[in-house]
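Asks: Residue numbers (this note's numbering), protein chains in the order written: chain G, 111 to 610; chain A, 488 to 656.
Since the hints were made in silico from the structure, they are not lab data.
Positions of the beta carbon are idealized from the N, C-alpha and C atoms, including for glycine.
Just to be clear, a hint being listed does not mean it is correct.
[As the list claims (entries may be wrong)] With the C-beta cut set under 7 Å, the calculated list includes, among others, these residues of chain A facing chain G:
1) Cys548
2) Gly551
3) Phe621
[To be verified] Computed footprint of chain A on chain G, listed as stretches where at least three residues anywhere in the stretch have a Cβ under 8 Å from a Cβ of chain A:
4) 148 to 157
5) 272 to 278
6) 294 to 300
7) 320 to 331
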Amino acid sequence: MTAQIVDGFLMLLHPVTFLYLIGGFLLGLLFGAIPGLTATLAIALLLPFTFSMEVSDALVMVAGIYMAGLYAGSITGITLNIPGAPSGAITTVDGHALMKRGEGAQALGMSAFASAIGGLTGVIILIALAKPVSSVALLFQTPDKFSLVLLAIVTVTIVSQGSLLKSTTAMAIGLMIATVGIDPMLPEGRFDFGSYNLIEGVNLLPAVIGLFAVCELIAQAGMPARLSQAQAVADLPAPRRRDFLPSRARIREVGLFAMLRSSVLGVLIGMLPGGGASMASFIAYAEAKRSAKKPEEFGKGSYEGLSASEAANNGVCGGAIIPLLTMGIPGDAVTAIIFGVLLLHGLVPGPTLLSDNFMVVSPMFAALFVASILIFVSVLLFGPVYLRLSRINRGVLYAFIGMISMVGVYASTFSIFQMWVALAIGVLAMLLRVCGYPVVPALMGVILGPYFEEFLRRSLIVSKGDPSIFVTSPISLALLLLTLGFIWMLRIGPARKAGA
Amino acid sequence: MSTSASPRSTRQILFALLLLAGNTVYASQVLQMSRPFATGEPGPSFLPALLCVFVYVAVLCILGTELRKPAAAALAAAEGSEHVPQVGWLGPVLAIALTASFVIGFLYVGYLPAAFAYTALIAGYFNYEESGHFRRAALIGVVTGLCVTLFGWLFFVQLFDLYLPLWEI
């Protein structure tokens, strides 16, 4: 395996592959730094282009976007009190307090340093654990796989903000969308209303583009410019480049061990389906505050708090990829789209991926490692430029997003019908957003729906309709208990505490 | 039960009713399939039937919750645009209409004219909403339309060698 990892690093030395990494990294920074845009959207936009790329190059580029996007979400959070992504929300509390104290550039530098530590820790754990975890995953039978998919769907649903009923409904809508088209087990069309277009079903790409890109365009069109986050960015003065280098005293004050601890927390949370960067940054922040020498400074401009949340949210990057590659379970929206990239290239994420195609994914591991280092390099090189990126004219930005999304759908499917599907799903996603239904469970439903249905039906066929098959298999039973445990820890427990 | 609903509740109720209608259409198709376990196996209608029942129950619960909610005493007036009245619904409707027109235009006139018109109008709308200057917004729209369309052609056709119907007039 070591030789294959080294080969992965050597593949990055190929000029074209390295350019894909740099391109992806810059795209991730761009989308992460612009409020309203996310790494998820960047990867969704990239999806059509991965068709004509080598799969390794596509994964390298996606890795660059993922790592950079998670970091860049904190930039506008620190400078403007507006997190570029939900995972930057807790960073914003201390980061912006530091900004108001005139230490904005130091805060950005420290945030990049902690993110780099988090990213590197995540990749090292990913490389160490990926193969062993996939060996265990090979023992999974069909009922176990069903329980695993159920765990992923349930966890993503219950960690969504707001009403549990609404997030469950959104997930069910996603599953319903996934049932359109040819039945996964019998040559029989479903929900096609006699249309040959609907028999092919809803492709993954139009669903992703609709849920993220088209929905964002529609949402922004209804938001006055003076209320938009991008407008606030326009008035910010650009800091000098040298101000971004964190001082040694500052790093010593925070402590490398504390950053490593937050990073490991991020990796562990990233490994849980539905964990995500937001949850990781919140939990790491809470843990850092619990063990800090000066907990009273948290929330008022603490470098410890800032570093904890940033190290954890980049640690998620390596952690979230472990269940994706080893068990075929995407833990969040980005890994769900990476799942799509692999599927589009005929690779099925799961236990056999690493045993049969390790060479294909090893450059991605190397890319995540290098991208972590690039985070720190980038803040020194482009620190002042990050803020200028946020000043792009909204009209130009959304015209570009609209065109590239719709043409991207056509270019990848050669189907006008799929362009209509993307628009329809975009409108549906907008209605969901407006009415407080989270969109990510719907995406999980669309992506995992076919697997959910296939494993459920296969299990019931094997057991002749007896549902006890899911509790008689030890692995399945353990996963079902884990699902119940998550429901208790993430929903019932907090609700009881709030009620007490 | 409250007799008057806040605008937010009305929106929630309307969307819940829309979901119920969509679910009924979905259910009508489920009924046309063979019943689950009719042949001893779950069959293609098994999961859709479960989803259908679930969505009916969930949406009815949401509807019940919304109808029981007390009307908001005084909702803060949503801040509007200085230059586009009712931007909250007009903007999204315009964006949807323009995107739909782009898909139609893409089919009948080709990528180049459709993408130019679409991107110019989207960029023009956002800039007009922001500045209120029609000429300036139109100029930015035209320049954006040209640049983005050219970028798309270079990106899709030249760089990635993908087929696009460029000019169908």
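Asks: For this structure, which hints from the list above don't hold up?
Replies: 2, 3 and 4
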